[in-house]
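Novice: Chains as they are written, first to last, in our numbering: chain P, 38 to 345; chain C, 2 to 464; chain Z, 5 to 522.
Quick caveat, the hints were computed from the structure, so don't treat them as lab data.
These figures come from a predicted structure and were not determined experimentally.
Treat the hints with caution; some may be incorrect.
Derived contacts from chain C toward chain Z, CB cut-off under 10 Å, selection only [said to hold, decoys possible]:
1. K5
2. L6
3. N15
4. F21
5. E23
6. S32
7. W37
8. R45
9. M49
10. E273
11. L338
12. Q376
13. Y393
Here a beta-carbon is modelled for each residue, glycine too, at the ideal position from N, C-alpha and C.
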Amino acid sequence: MQLRALSIGEAVPPTNFDAVIQSTFDSAVNLRLRNEDRLITLLISRDHDLPQGIRVWTATLPLQSLTPGERAAIRGGVLRFASTPLTVDLRDAPVWKCRVSELALDMQTPAAQAAWSTAWNLLNREQEHKSTDLRADDLFRPHTGSPLSRRISKPVTGLVTSADGLDVQGALHAAGQMIGLGPGVTPSGDDLLLGFLAGLWSMAGQNERQLGFLRSFGTKLIQLAQATSEISRTYLCHAMQGQFSSSLSHLAEAIAIDEGVEETARASMRVGHSSGMDAVTGLLIGLCVWNPNAPAAVRGGWDTTQSF
Amino acid sequence: MVNKLFEQELQVINVGLSSFAESIQQTGGKSLQLDWRPPASGDRGIGMKLALRVNDPQVEAANRTAHERFLSAQPILMGVDAARNAIPNLGERTLLHAGPPIEWSRMCGPMQGAMIGAILYEGWAKDPESARDLAAGGGLHFAPCHHFGAVGPMSGVISPSMPVWIVKNQERGNLSFSNLNEGLGKVLRFGANDASVLERLQWMGAVLGPAMNAAVRQLGGVELRPIIAQALHMGDECHNRNAAASSLLFKRLTPALLKTDLPQSDLARVLEFIAGNDHFFLNISMACCKAMLDAGHGVAGSTLVTAMARNGVEFGVRMSGTGDAWFTAPAPMVAGLFFPGYSPSDAAPDLGDSAITETAGIGGFAMGAAPAIVQFVGGTPQDAIAYTREMYHITMGVNGGFTLPPLNFDAAPAGIDARKVVDTGIAPVINTGIAHKDAGVGQVGAGITRAPLACFEQAIANS
Amino acid sequence: MTTSQRMIKNLYRDSVSLMQFSEKLRALEGIQQASAVMATENNISLLVEAGLLSGAVPPSPNDLLIVVEGRDESATTTALDAAEAMLKTKSADTGEGGVRRVPPRSLEMSLESMPSANFVLISTPGEYAAAEARKALQLGLHVMMFSDNVSMEEEIPLKQYAREHDLLVMGPDCGTAIINGIPLGFANVVRRGDIGVVAASGTGLQQVTSLIDRFGAGITQAMGTGGHDLKSEVGGITMLQGIEALAKDNATKVILLVSKPPSPDVMKNVLDKAAKSKKPVVVEFIGADPQTITGGNIHGVKTLEDAARAAVLLSKGKTVKKFSSALPARYKSLVKPAQKKLKKGQRYIRGLFSGGTFCYETVLLLSEALGKVYSNTPIKKDEKIPNVWKSLEHTVIDLGDDLFTQGRPHPMIDFRLRNERILQEAKDPETAVILLDVVLGYGSNMDPAGELIPAIQGAQKIAAKAKRNLVFVGSVCGTESDPQNLSRQEARLREVGVILTDSNAQAARLAAAIVGAR
């Protein structure tokens, strides 16, 4: 079966590489690169891009027929697998670049704040509807929510406070309590952290101090990321460089211009089982940092309505 | 990338002397021996043309387009009508036949016999001798079914008055046609043309055809791919084994027929006729495949094979990117088992448009699902599976709509890539019946044959 | 209530099915609570907190930890077994993945079983080699073409395509290469080190790499360019690519180039490229005056041995001075004893070579020392031997020439022709010295000494009958890691009286000295 790549994430190596299949899912295959310790993802999706992704679309490919441990390689611009005749032609595929770090989102504007509130309310409704373990509102209500929620709310608050004060150590301490925590191949704590970083990167723009915080935090966070699964770690490593999935990027962009927020938020929340919602939670919380007008609840950790 | 090579583990494909692999394996490298023979039967010019097309981005892109159109086709059986009404541009004195173009004088025995029968059926001559004179006289137009979007099994003769199935590809709107299957024994397609054949043809035109039309319209059209998919799960391969598909069709048509206002006497004969013919579905299967492949035809630069057809003298192949051109070679003989009383000396060379099924990925390509045919060549069901698996190496992909139970429900290999045929020397396998070389005798055996490599070599040479 | 847990290693399920999976577990008989999470440190402590894990378990973040709480141990064990079975069903037999493993019949088919192949070695008959090479390049693979009889009209477009796509074409008519330490074609097993070689001659490559190994150093890569690469029409594409790659290669400290002198335009480009590499480059254009090449980072040398020596010195950070053309002392002492053995009238050298470059270098050195030297591959046109089957005065024959190899294996494998010729020379009363090359390594005969010794002894018998002695001089090109066991080969040859030098050049000089001043 011969497929054509519809887009390639900017973090995918541009030339020949050798890899081994690390894991297979219904619509994604992760490949571990031979010479670098990171994963590339082949995903079947109409529109979801990843910085480390090669995206194809087909209605009929059962990726489960690929086996972890099998070799894969790119030669002459074509990705091939040892155990099946599947090939993916990468030539002429457009490169997808995450634009989050170029946004310089200004959360001080009424438009952005309105967009934020729309998303926040939508998120909480969805989480309630799906009875997820984590609910955004509960994170800021003491002694409320599931055991997971209660356990994670303290580091989340700590994360917000530390980021506000550009306190790298504090942020790392908080992150350390979140990494690897929760259900899912990408644990909820990781997805929260991912979304949070997306929020910060969206706003930092050219601000040297904020960028400096992000870089220091990011570099040290790589160490902490050893405590979670390889797949989740891959997402975190890209997040540390300001590279996020297209669904998260699009939501940040939508909030920046207050356009299509509902639709984009719904799309982001559909990703995975709770991964999408956890990441959106993290994003929205992240967008409250460095902003004196942000909801007191998020910043201070105590009740009242969650809106600007 | 030269520097990249220095960082990688050396993994060598060895093309030629196998002793070279030794040094590689003994010193820590990996090597794989190619089972090489000169491609394109040793023709260097074609060999280089082939080389330039292997993994060429433009050819790959064209193939993806052609293959996608082929796979996404949704052929629907729309109805039945006389060929002159259904088939666009069919002239009044035109007779269609199976396979690539061929003149009267060179036609094989069964095809000439069928032509005579068709002439008599149309009333253009009174008896076989004058029919023969008419045919040889030059006043009739003979053309391949394929040139008119049609396909016919064995001689595949279609004349203007004959009823034809009309199939439409919903996706792209293209139409395809085939005649109605007469059954076994003394039939037109094997070259028989006596009174019983003509009487049957008359009945088919007057009663069967309109009845089928009414029934199909009653159903609002019949989706064909699901029937084929189901039949493949029931032991058919829809070229040589059509019993399950014919039964499934029978189930759909009967209630519909009962709702039409067909007279009771006609109804009985119609139902008996269909029920008694295990190959009733064959012609429809062929038209379905034709519709799918026509959808993928005509993409510039594509090496998708869109037709394989035989006229009893030559085997012809068409390719998506080379338009109307036929690439022909002498038709091969079929390796198979002969019915009692017959032997290879009685056999006609391979004949018919039915190889359109293999071209689309069923028939011999799905042999793994219908192993009965291998008995005709003294094989086992494992051999049948092996034939199918071999075809994966020369196809562009698989048809997810057609899965094969004995292969763990793997999707059938679909879409022959002419480049791969020439490069590997693996020729497409075809399951087929064997006709007697004399007109009118009928089927004398069945077996397995391969498409001639020369056809695909020429296709590449002209691409 | 009992809690039990099980770790499933490296098994991935996406989150949706993991949630369904947990639900299915909870629904099992006698089960109260069930959880399936990645075994991260934080998850483990959470489970401990929730009372689902009795004690901490060492974290392994890529594994799935299943915990169940149930009525009793039997219920929990059953549940865990069911859980494992549910997870494992996917990886059960899916047949052969739709592909039948027949031996591959085309390059593309080969990639189905070996997708990380990066190299194609082509030794088909020459008329088909270019098409196979083109396919390989279009598939993104590097190529070595052992095949010869490929025209330059075919070679040039291949190399142009390769250059455009940063791929290597070694050949056509490239019999030798060593890539990533793996010998390809007729090649030796050479120590890894920091010298990179690009050579237009197979035996030239074998000689320099073997000597580098003998001198205690090693190579990074040894690339062959094929016999026509340095012609004007081809323009040295592969040699230039080779130099560039070695210049970029961090592991390569010294670059060594070997070939016959290229045409002036190609020579200029090659030397320019070498100069730009910013690494020391040793250039052996066999037969050219080294002084005309030396300058900047480029060191011209005269013989293949000098090339190896220079490269080794440079790799050690030492400076290279001009090498002496004189016979080293240890060989000088062998001259007089050898001369004593000869009768008046025995005055000629008969060189019988299996390696083309060994022959060529020998002709050069002997011409310098002795004047006229006949050969089937002469330096001067008028010294072309009139009859290859009969020696004339000083004669040096390349037995690997097409003339001799039609319908016959190469002399590096099949010694019959050379052995017959040895006996023939022995019968000639004017023969003084028989000069030989012995090439070891993959592709060569597995026991050259064993093949030669009967012929040498036979020759000595023939000479003895006529009350003469023959002097056998030669060199063995190989390394201790070659399959033929270098030391044993050398020892056995010495046992029957062959004088062996380290290198082909010294053997030639020694032979010249023996027949020289008499």
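Novice: All hints, please: hold or fail.
Specialist: Status of each hint after checking the structure:
Interface restraint check for K5/C: the shortest CB-CB distance to chain Z comes to about 8 Å, inside 10 Å, so the restraint holds. Interface hint at L6/C: satisfied, since its Cβ lies 6 Å from the closest Cβ of chain Z, which is below the 10 Å cut-off. Below 10 Å, beta-carbon pairs count as interface contacts, and N15/C has one with chain Z at about 5 Å; its hint therefore holds. For F21/C, the interface hint holds, the least distance from its beta-carbon to any beta-carbon of chain Z being 6 Å, beneath 10 Å.
Hint status for E23/C relative to chain Z: holds, with the closest Cβ pair at about 7 Å, below 10 Å. Interface hint status for S32/C: upheld, as the beta-carbon distance to the closest one in chain Z is roughly 8 Å, under 10 Å. Taking 10 Å as the C-beta contact cut-off toward chain Z, the hint placing W37/C at the interface holds, the least distance being around 6 Å. Interface hint at R45/C: satisfied, since its Cβ lies 6 Å from the closest Cβ of chain Z, which is below the 10 Å cut-off.
The criterion of a C-beta within 10 Å of any C-beta in chain Z is met by M49/C, whose closest approach is roughly 5 Å, and the hint holds. Evaluation of the E273/C hint against chain Z yields a violated restraint, the C-beta minimum of about 42 Å exceeding 10 Å. The criterion of a C-beta within 10 Å of any C-beta in chain Z is not met by L338/C, whose closest approach is roughly 25 Å, and the hint is violated. Given hint, Q376/C at the interface with chain Z, is violated; its Cβ is 21 Å from that chain's nearest Cβ, farther than 10 Å.
Against a cut-off of 10 Å between C-beta atoms, the interface hint on Y393/C holds, since the closest Cβ of chain Z lies about 6 Å away.
In terms of the numbered hints stated before, the structure departs from hints 10, 11, 12, listed from lowest to highest.
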